[in-house]
Amino acid sequence: DAKTTQPPSMDCAEGRAANLPCNHSTISGNEYVYWYRQIHSQGPQYIIHGLKNNETNEMASLIITEDRKSSTLILPHATLRDTAVYYCIVRLKAAGNKLTFGGGTRVLVKP
Amino acid sequence: SAVISQKPSRDICQRGTSLTIQCQVDSQVTMMFWYRQQPGQSLTLIATANQGSEATYESGFVIDKFPISRPNLTFSTLTVSNMSPEDSSIYLCSVTVSVDTGELFFGEGSRLTVL
Numbered sequence: 001d002a003k004t005t006q007p008p009s010m011d012c013a014e015g016r017a018a019n020l021p022c023n024h025s026t027i028s029g030n031e032y033v034y035w036y037r038q039i040h041s042q043g044p045q046y047i048i049h050g051l052k053n054n055e056t057n058e059m060a061s062l063i064i065t066e067d068r069k070s071s072t073l074i075l076p077h078a079t080l081r082d083t084a085v086y087y088c089i090v091r092l093k094a095a096g097n098k099l100t101f102g103g104g105t106r107v108l109v110k111p
Numbered sequence: 001s002a003v004i005s006q007k008p009s010r011d012i013c014q015r016g017t018s019l020t021i022q023c024q025v026d027s028q029v030t031m032m033f034w035y036r037q038q039p040g041q042s043l044t045l046i047a048t049a050n051q052g053s054e055a056t057y058e059s060g061f062v063i064d065k066f067p068i069s070r071p072n073l074t075f076s077t078l079t080v081s082n083m084s085p086e087d088s089s090i091y092l093c094s095v096t097v098s099v100d101t102g103e104l105f106f107g108e109g110s111r112l113t114v115l
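These protein sequence lines are chains E and X, in that order. All residue numbers for the first sequence refer to this note's numbering, where the first residue is 1 and numbers rise by one. All residue numbers for the second sequence refer to this note's numbering, where the first residue is 1 and numbers rise by one.
Hints listed in this document are in silico derivations from the structure and should not be mistaken for laboratory results. Using N, Cα and C, we set each Cβ at its ideal position, and we do this for glycine too. Among the clues, some could well be false.
Between beta-carbon pairs, the in silico distance windows are [as the list claims (entries may be wrong)]: (1) E:Thr56 <-> X:Asp11: 38 to 44 Å; (2) X:Ser18 <-> E:Asp11: 41 to 47 Å; (3) X:Ser5 <-> E:Thr72: 30 to 36 Å; (4) X:Thr20 <-> E:Arg16: 43 to 49 Å; (5) E:Thr56 <-> X:Ser81: 25 to 31 Å.
Partial chain E-side listing against chain X, Cβ under 8 Å, derived [to be verified]: (6) Cys12; (7) Ser28; (8) Gly29; (9) Tyr32; (10) Pro44; (11) Gly50; (12) Lys93; (13) Lys98; (14) Leu99; (15) Thr100; (16) Phe101; (17) Gly103; (18) Gly104.
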């Protein structure tokens, strides 16, 4: 799996958009970008994934650059409950391919 | 989706003893994985639990220390053997449900403290 680089931590204001960057310059053509988050004392939770196109769901938006070497997870209106560690992971999509977690970004949403 | 139940949710263990963690899923799943999360750290994959055959271990993890069983498509166990304080961690079970999404679901974890 391609490695990812994320800032170790970031703060954001409640109600504002949180933009979480991720670099994955060695990503291969058939690898997807996945985002998970881990709220304190819970197991990781899937947020979103994408290959080339931007994706949006009820939780977040994923913006992938045209060269696919980086991406940004956007939480449109951050709440205090979004405080968590966010992991950007690049992997093949097929079942059986495990997740390799990096250090993630520790996001603190402040009132 | 999948609902994963892990037992125990937490335990305090004595050095040299062994503990078995159970992972029960509410539906049949294709793949099951076991992860470890040491205090303040990210998650590290221990092994893939294979139904009906020996688990596939990641580098640095061995069967004698972390024996795994998976008797069917909804259940797996991880044993942490001959525990030392360095084994104090959260152990998480994870499953794959959909080939289409490749999404993994995680249990809430089992927090072990070894004294």
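Evaluation of the provided hints:
| no. | hint | result |
| --- | --- | --- |
| 1 | E:Thr56 <-> X:Asp11: 38 to 44 Å | holds, 41 Å |
| 2 | X:Ser18 <-> E:Asp11: 41 to 47 Å | holds, 43 Å |
| 3 | X:Ser5 <-> E:Thr72: 30 to 36 Å | holds, 35 Å |
| 4 | X:Thr20 <-> E:Arg16: 43 to 49 Å | holds, 46 Å |
| 5 | E:Thr56 <-> X:Ser81: 25 to 31 Å | violated, 46 Å |
| 6 | Cys12 | violated, 21 Å |
| 7 | Ser28 | violated, 15 Å |
| 8 | Gly29 | violated, 16 Å |
| 9 | Tyr32 | holds, 7 Å |
| 10 | Pro44 | holds, 5 Å |
| 11 | Gly50 | violated, 11 Å |
| 12 | Lys93 | holds, 4 Å |
| 13 | Lys98 | holds, 5 Å |
| 14 | Leu99 | holds, 6 Å |
| 15 | Thr100 | holds, 7 Å |
| 16 | Phe101 | holds, 4 Å |
| 17 | Gly103 | holds, 6 Å |
| 18 | Gly104 | holds, 6 Å |
Violation of the numbered hints given earlier is confined to hints 5, 6, 7, 8 and 11; the remaining hints are satisfied by the structure.
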